[in-house]
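Asks: Chain by chain, the residues:
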Amino acid sequence: MAAIHLEQLRHSYRARPRDDVAADWALRGLDLRWTDGGAYALLGPSGCGKTTLLNLISGLLRPTRGRVLFDARDVTGLEPGERNIAQVFQFPVVYDTMSVFDNLAFPLRNRGIAAAEVDRRVREIAAMLDLDRTLAQRAAGLTADGKQKISLGRGLVRADVAAILFDEPLTVIDPHLKWRLRSKLKELHQRVGLTMVYVTHDQTEALTFADQVVVMLDGQVVQAGTPVELFERPRHTFVGHFIGSPGMNVLPCQVDAAGVARVDGHAVPVASASPSGARDRKTELGVRPEFVRFADSGLPVQVERVSDVGRFRIVDARLGAHLVKALIAEGQDVPAGGGHLRFDQARTQLYADGWIVD
Amino acid sequence: MATRVENQKAWWLVLPVVLLVAFNAVIPLMAVVNYSVQETFGNNEFFFEGVRWFKQVMQSTRFRESLQRQLMFTAIVLAIELPLGVAIALAMPRKGIGVSICLVLMAMPLLIPYNVVGAMWNIFALPDIGLMGWGLNRLGLDFNYTRQPVSAWVTLVAMDVWHWTSLVVLLTYAGLSAIPDAFYQAARIDGASKWAIFRFIQLPKLKHVLLIAVLLRFMDSFMIYTEAVVLTGGGPGNATTVLSIDLVKIALGQFDLGPAASMSLIYFLIILLLSWLFYTVMTRHDEA
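Protein chains in written order, with my numbering: chain A, 1 to 358; chain Z, 1001 to 1288.
Just so you know, the hints here were simulated from the structure itself, not pulled from any lab data.
A portion of the hints provided could be inaccurate.
Claimed, not checked - Ranges of calculated distance between the beta carbons of each label pair, as one might list FRET restraints:
| # | chain 1 | residue 1 | chain 2 | residue 2 | range |
| --- | --- | --- | --- | --- | --- |
| 1 | A | Val21 | Z | Leu1105 | 48 to 58 Å |
| 2 | Z | Ala1196 | A | Asp160 | 17 to 27 Å |
| 3 | A | Asp74 | Z | Leu1105 | 40 to 50 Å |
| 4 | Z | Val1026 | A | Asp145 | 44 to 54 Å |
| 5 | Z | Ile1112 | A | Phe91 | 54 to 64 Å |
| 6 | Z | Thr1226 | A | Asp145 | 50 to 60 Å |
| 7 | A | Asp20 | Z | Ala1178 | 34 to 44 Å |
| 8 | Z | Phe1023 | A | Ala15 | 55 to 65 Å |
To be verified - Derived contacts from chain A toward chain Z, CB cut-off under 7 Å, selection only:
| # | residue |
| --- | --- |
| 9 | Tyr13 |
| 10 | Leu78 |
| 11 | Pro80 |
| 12 | Gln87 |
| 13 | Phe89 |
| 14 | Phe106 |
| 15 | Ile113 |
| 16 | Gln190 |
Said to hold, decoys possible - With a Cα cut of at most 20 Å, we get these calculated EDC-like pairs of lysine to aspartate or glutamate:
| # | chain 1 | residue 1 | chain 2 | residue 2 |
| --- | --- | --- | --- | --- |
| 17 | Z | Lys1194 | A | Asp264 |
| 18 | Z | Lys1205 | A | Asp102 |
| 19 | A | Lys325 | A | Asp264 |
Note that beta-carbon positions come from the ideal geometry of N, C-alpha and C, so glycine has one too.
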C-alpha cells in the first residue's frame, strides 16, 4: 500500500518532443498527490491521457519528464514488477493454456509465494468474483465476461500491492454484471484499504467508485475533487458539461463596469466575489439545471420542450439566443409558453476563458 | 406448372481449374497407379502383375534403408530448424530499420534456386578450395564429404538448415507480431519471467503458425531431392541416398518402372499419413 505522488509529470510518445508545442505531448504536466488507501477515478473523454497516466503510474511507460513517487520513494525508473503494482486492462488478458485457477495463481507463483497461501488467496478471490465453479476449467473456454473476471482476479489476488489500477475494466462486461462488479470493487476497497485508481469515461462509474475524481482534458487535469465538489463547483466549464445529466448550462455573458454579469442584457447575480476582474476576457456563466427554477419574476423565457424522465422533468427554455435547461421536480408547475427563470446565486458561477472566477 | 430452370453456365467458370487439377495431379497419379500394377518391356506392351511390385518394395532392404535415412534426415532437420527458427524470430527487432534489414536477410536463402543452393554448398564444402571444407581441415578435423558418410551428412544437414530455417523464422515472426501488446503488459504487471512469457503467452499464440511450419518443413524435407543430388548425389556409396534419390535411381537409372511406381505410391502414402498424424495430434485440444 502506498501514497502516490506525481511530480511535474509530462509524457510524449514522440522521440524528440518540443517543449513549447502542446500537440507533441500526451500529458502536459500534472501534479497530483494521492493518499494511501484512497479510491480515485480518472475521468475524461477518449484520448485525454487517462491511460497514459495510468501506465506511467504502473511503470509500463517511463515519463518523458517528472517523477513518480510511492510513499516518498522515487520509482520513476523501476519496472512494474519492482513497483509491486496490479493493473487490469480494458480488454481481457488471460493465459489461454492455463486453467482459471492457474491464471489467478500466476502473479502469486511468480513471486514465489507458498502453495498453501496461493491456494487460500485464489479461492477467496474466485469466490468473490463467482469464479469458484470454473476454477478447474481452461481459461480459453470462458466467455468475455468470464475472461475479464479472471483479469480482475489477477489484479486483486495479491494482498500486498502498492496500488491497483483499473483501465476501464468493465467495458466488455454485461450491464447487469457491471453493477455487481462495481459494488464488489467498492466493497473490496473498503475491506482491504488498498489504493485504487480507476480510469473511466463513464461519470456514473467514476462518481460511485471514487472518493476523489480527477477530471482530465487534453493531457491536463482540469479539476480534482470529491464528487460533490465537482458537482457543486466545477472549476472549468468542461467539468460542468461532462459531469451531470444533463450537464451544466453554460451561457455567454458580459460583465459591465460595475461588475454585474449580464446574459442577453439581463443582470444575473453570481457567486463570484470579484466578477469585474474577468471583464476583458471571454466570460460565461454556468449554472446546473438542478439550480434553475421558475419564479414570478426574473429572466424572461419561452418554454420550448418538456421531457418527463420520471422523478423530475427536464425543461428546455429559450432565453434570447440561448437555451437553458431546468430540472423541475414532480408536482411543481411548468408554465406553458412564457415564464420567468431564477438561478440560485450561490450555485451560479462566472467563468473566464473556461476557468472559474473566484 | 413452371419448371425450374437451372443456370448451368457456372460450370464453364470451374472448367479451367478442373482441367488444371486433372492434368497436373489426377491423370499423372492415375498413370503411376497404372504402372504400379504392370510390367513393361517397352514397345508399349504391358502385362498385369497385381501387387507384386508392392510386395517387392516393402520386402526390400534397399527401400527400408532409404526410408530410414529419410526419416533420420527429416527428424534431424526438424529438430534443428524449428527451435533455431523460433529463437531467431524471438531475437529479431520489433520496430525500426532493423526489421526490414532482418526480414530481407532472412528471405534471401528462400529465393535461391534449389540446384544453385546445392552447387553453392558443393563448392563451399570442398576440402581443398571450399571455405567450409578447407577451414574445418585447417582446424584439424578430417573432413571430406565425398569420402566420409559423416561429413556428407553434416554438409547436407547444414545446407538444409541454411536454406530453410528462414521459413520457420518468417512464419514465427508473423505469429509474434500478431500478439497484442496488452498480453506483454499484463505479463510485466504479473511479474512473469522471460521464460514464463514464452511458455504461457508466445508459445500458445504461436501454436497455429508452428503447426504450419512443422507440416511444411516435414513435407519438404521428406521430399528433398535437387539440393541433395547436386551436393552428394546420394553418396558416398549410398550414405545419403534418401527416398527421392533412390526412387529416381530405380525409375530412370534402372528403368524399373513398375517397382518405381509402386514405391512412389508408398512414399506418397507415408507423407500423407505422417502429415495427418502431426495435424491430428497438434490440434487435439482445440475443441476443448
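Asks: What are the numbers of the hints that this structure violates, sorted from low to high?
Replies: 1, 5, 9, 10, 15, 16 and 17
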